[in-house]
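Asks: Residue-level listing of the chains:
2 protein chains.
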Amino acid sequence: MTSNELLVSTVVNAWKLVVSRIDQAVASCGDSDFQREVAPGKNRIFYLLGHLTAVHDRLFPLLRVGARLHPDFDEIFLANPDRTSPDTVSPADLKKAWSEVNGKLTAAFENLRPEEWLERHNDVSPEDFAKEPLRNRLAVLLSRTSHASFHGGQLALVKK
Amino acid sequence: MTSNELLVSTVVNAWKLVVSRIDQAVASCGDSDFQREVAPGKNRIFYLLGHLTAVHDRLFPLLRVGARLHPDFDEIFLANPDRTSPDTVSPADLKKAWSEVNGKLTAAFENLRPEEWLERHNDVSPEDFAKEPLRNRLAVLLSRTSHASFHGGQLALVKK
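For the record, the sequence lines run as chains A and B. Under our numbering, the very last position in the first sequence is 790; numbers go up by exactly one each time. Under our numbering, the very last position in the second sequence is 790; numbers go up by exactly one each time.
If you are wondering where the hints come from, they were derived from the structure by calculation, not from laboratory data. Hints are not guaranteed to be accurate.
Copies of the same chain look alike in the list, so a pair counts if it fits in one copy or across any two.
[To be verified] Listed below are the simulated DSBU-like cross-link pairs for lysine-lysine, each with C-alpha atoms no more than 35 Å apart in a straight line:
(1) K761 <-> K672
(2) K761 <-> K734
(3) K672 <-> K725
(4) K734 <-> K646
(5) K725 <-> K646
(6) K672 <-> K726
What you are looking at is a predicted structure, and each value in this text was computed from that prediction instead of being measured.
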């Protein structure tokens, strides 16, 4: 591997590790656990997992690595707070969506070359990117890794 | 900047962003807030900030970027759980320690060259590192960034 490739692999590995820890937390949840709140009055596990799935699903267009799998999740898990609408997704379907989104994303990440990671992400214009080259795909991956870990810390509070 | 340098700067930026968010959460805490738990029966803000400071302080030897500032924190914030000993550090001193440790670390991080980030960290032997080149300094930085974000998510639950 070139040093560029080593640097990128190290970052992709960090993403995989954070996702795998949430996988483990989710795997230990039965359907009724999904109704538990991470702290009194805060989000339920159900909502947090949907929120993470929606945020990760949005990476497909943002990083130009494919089409979204669950655009319908935005309304439930991003536009609206927890408990403002009935749960229209079952825990089993939510687990499956989480797993499929990350599986497909991770496969795409492992195929991106270092120079592609340094290209702009889709929310920054070519003009702005010329001035701010750190607004690249890799920055988005790092941001979402931190975001997943942020909510992973909350999920850990209800660990059984 | 070379592409190697851009990759590394993007990662160091992600670290700085996560630390700055915890800085903001901590800045909004008065002394009495430090006694609040992130969830019933869970760690107090005081303990979490000490824990994060100790973990970051250990990065100096682990990444070979300097001497530790607060080795005394290990006993209080790593070896023992919260509320098992009296608080011997004041909130003001804890805030100062957190800030100093991260300031000195970040300055050191900004001076490391990409090839230095790809060198082994101090907890892996040269023999093992030859077989597993992803156990490098950058992997540690990413791990600690995720760790800080993990606890940042818990601190956010008690945001005022």
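Asks: With reference to the structure, classify each hint as holding or not holding.
Replies: Checked hints:
1. K761 <-> K672: neither (40 Å within a copy, 44 Å between copies)
2. K761 <-> K734: For K761 and K734, the Cα distance is within 35 Å both inside one copy (32 Å) and across copies (28 Å).
3. K672 <-> K725: Intra 20 Å, inter 27 Å, cutoff 35 Å: intra and inter.
4. K734 <-> K646: This pair counts as both: shortest intra-copy Cα distance 12 Å, inter-copy 29 Å.
5. K725 <-> K646: both (17 Å within a copy, 32 Å between copies)
6. K672 <-> K726: both (24 Å within a copy, 30 Å between copies)
The earlier numbered hint that this structure contradicts is number 1, and it is the only one.
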